[in-house]
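*Asks:* Chains as they are written, first to last, in numbering that gives the first Met the number 0: chain A, 0 to 286; chain B, 0 to 286.
Hints in this document: simulated from the structure, not taken from any laboratory.
Wrong hints could be hidden among the right ones.
Any copy, or any two copies together, can satisfy a pair, since identical chains are not distinguished.
[To be verified] Pairs of lysine-lysine, DSSO-like flavour, derived with a Cα cap of 27 Å:
| no. | residue 1 | residue 2 |
| --- | --- | --- |
| 1 | Lys-17 | Lys-101 |
| 2 | Lys-15 | Lys-101 |
| 3 | Lys-175 | Lys-165 |
There are 2 protein chains.
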Amino acid sequence: MDDRELLTVVMGIVGKEKCLDDCAEVPCGDQIMVVTTDMLHRTTDFVEGMSDWQIGWMSAAVTLSDIASMGAEPKYLLIAVGLDTWQNLAGVMQGAQDCCTKFGAAIIGGDIDRHGELTVVTTGLGLVDKHHLVRRTGAQPGDLVCITGIPGQAQARLDGYVQYEKALFEPQPRVKEGQHLGRVGASAMMDDSDGIALSLYDLVSVNECGFSLDSTKLPVPAGIPANQARELALYGGGDYELIFTLPPQRHPIDGISYTVIGSTISEKVVVIDGRPVEKRGYQHLWE
Amino acid sequence: MDDRELLTVVMGIVGKEKCLDDCAEVPCGDQIMVVTTDMLHRTTDFVEGMSDWQIGWMSAAVTLSDIASMGAEPKYLLIAVGLDTWQNLAGVMQGAQDCCTKFGAAIIGGDIDRHGELTVVTTGLGLVDKHHLVRRTGAQPGDLVCITGIPGQAQARLDGYVQYEKALFEPQPRVKEGQHLGRVGASAMMDDSDGIALSLYDLVSVNECGFSLDSTKLPVPAGIPANQARELALYGGGDYELIFTLPPQRHPIDGISYTVIGSTISEKVVVIDGRPVEKRGYQHLWE
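With these hints in hand, go ahead and build the complete structure from the sequences.
*Replies:* Okay, structure coming up:
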């Protein structure tokens, strides 16, 4: 049993349509409010060596990234902190606050709890004009497949490349890019926090098309042997880049940096250089 | 160090005004959206003997209660579940779903995580007309002090009175009552989840008045010796009644059941029969 299989249990209770996107959508005046929640905790998510400030930063960043991936503007964050020792609180809160401030959001509420393991749950609220909202659905055959930044850097640090520590410990959500992509008409979008491969399989599962990547176009972390670098970029977790599809007539987009790594195809598969991409990446496994 | 002292650490970082009410407020069209998040987990909150379904129910109920205490209508719930074993998931989700359905809300999103200890974080969103919003502030000298239901029942179960198990395991948030009280002009309101005593001290800290209770008017759980029953009602935790102040000309209110237990006074104290109420109730203590 993995996370995605477990999600089908939830779909059976709350409805499949509630489980398809990075955020839920609710009407808010003449805009859409997007809402998302993420649980992180010491054993699974906070790597040895992270400071309290970085733990707070990351906790906010992952949620702001979900908002960015809908094309929305992050506005508000709630943070529930379960603490094994109260001395962590100030650092965690300051990190979350600084991340919110950098990306234009504000902490408006939260909860504090005593807990056996440091656990942080952030809930983010963002706003977007309904015409600029981007969902996971919407990709069309012939669209370009694109990604912001250089994927694989967070996993590189996990695999021992210490020069990539900042990518793992202080992820930078693509807030400006997400909104820009919404305004110019990206057709589908999500963040690649579980890796490019799993993200594309998630997109295949909700779209009527597949994805064909070109390995020569895939940006990879520098200073790492080519084969390993490509492995990190395709299958590594912990990045918060945006992976999106774009009608070819919208390309190139001024004002943001991204790379075209392939195109959508009519067959519902994920391939690179014509060969299947493995369906693996960052997932919890359940006994 | 207790919860309320720890909150001052947070106030220093995010601002005191973010920490005063049961919910945060954000503008939403011509209404106010109230938002709140609560972390519950096995060791501290889920009592031995609770079913997975009851754990899910309680997790939703505590958050719906916060929304009710602002006079708002609960609309949406997000639920992040940290599981030590995936077999708990369906029961927890069904309990949360059933609680939401009963009180008019819908689960719209969430997160699933593997965790050493069953941990559930619910975030609730509600809507209220700005003229019907009720905050913790707003109590005036001369107002009546009132409470819904019979306080002390959840604590009675914790103290061994098994006939009160349902009060502890399946709390019923006062959703209808909260909205009704907002419409008819309650001046201040919160829920009494940490007990009446601590709730009134919370209200004293943000209002320019105090509270004088009359012990003969205090409803207490039946079937328990009088002294103990009063102790449970004043200091017991785990209830989700609404404690509110009401301008006397608004009393009585048709359509909901509540008890007048005292009145506000100009001095910033909490007394019962003229003697100080102790400042104690349900709180975590931190080393």
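*Asks:* Could you run down the list of hints and mark each one as holding or not?
*Replies:* Taking the hints in turn, this is what the structure says about them:
Only between protomers do Lys-17 and Lys-101 lie at most 27 Å apart by alpha-carbon distance; the minimum there is 19 Å, versus 30 Å within a single protomer. For the homomeric pair Lys-15 and Lys-101, the shortest alpha-carbon distance between copies (21 Å) is at most 27 Å, but the shortest distance inside one copy (34 Å) is not. With identical chains, the CA atoms of Lys-175 and Lys-165 are at most 27 Å apart within one copy only, with a shortest distance of 20 Å there and 49 Å across copies.
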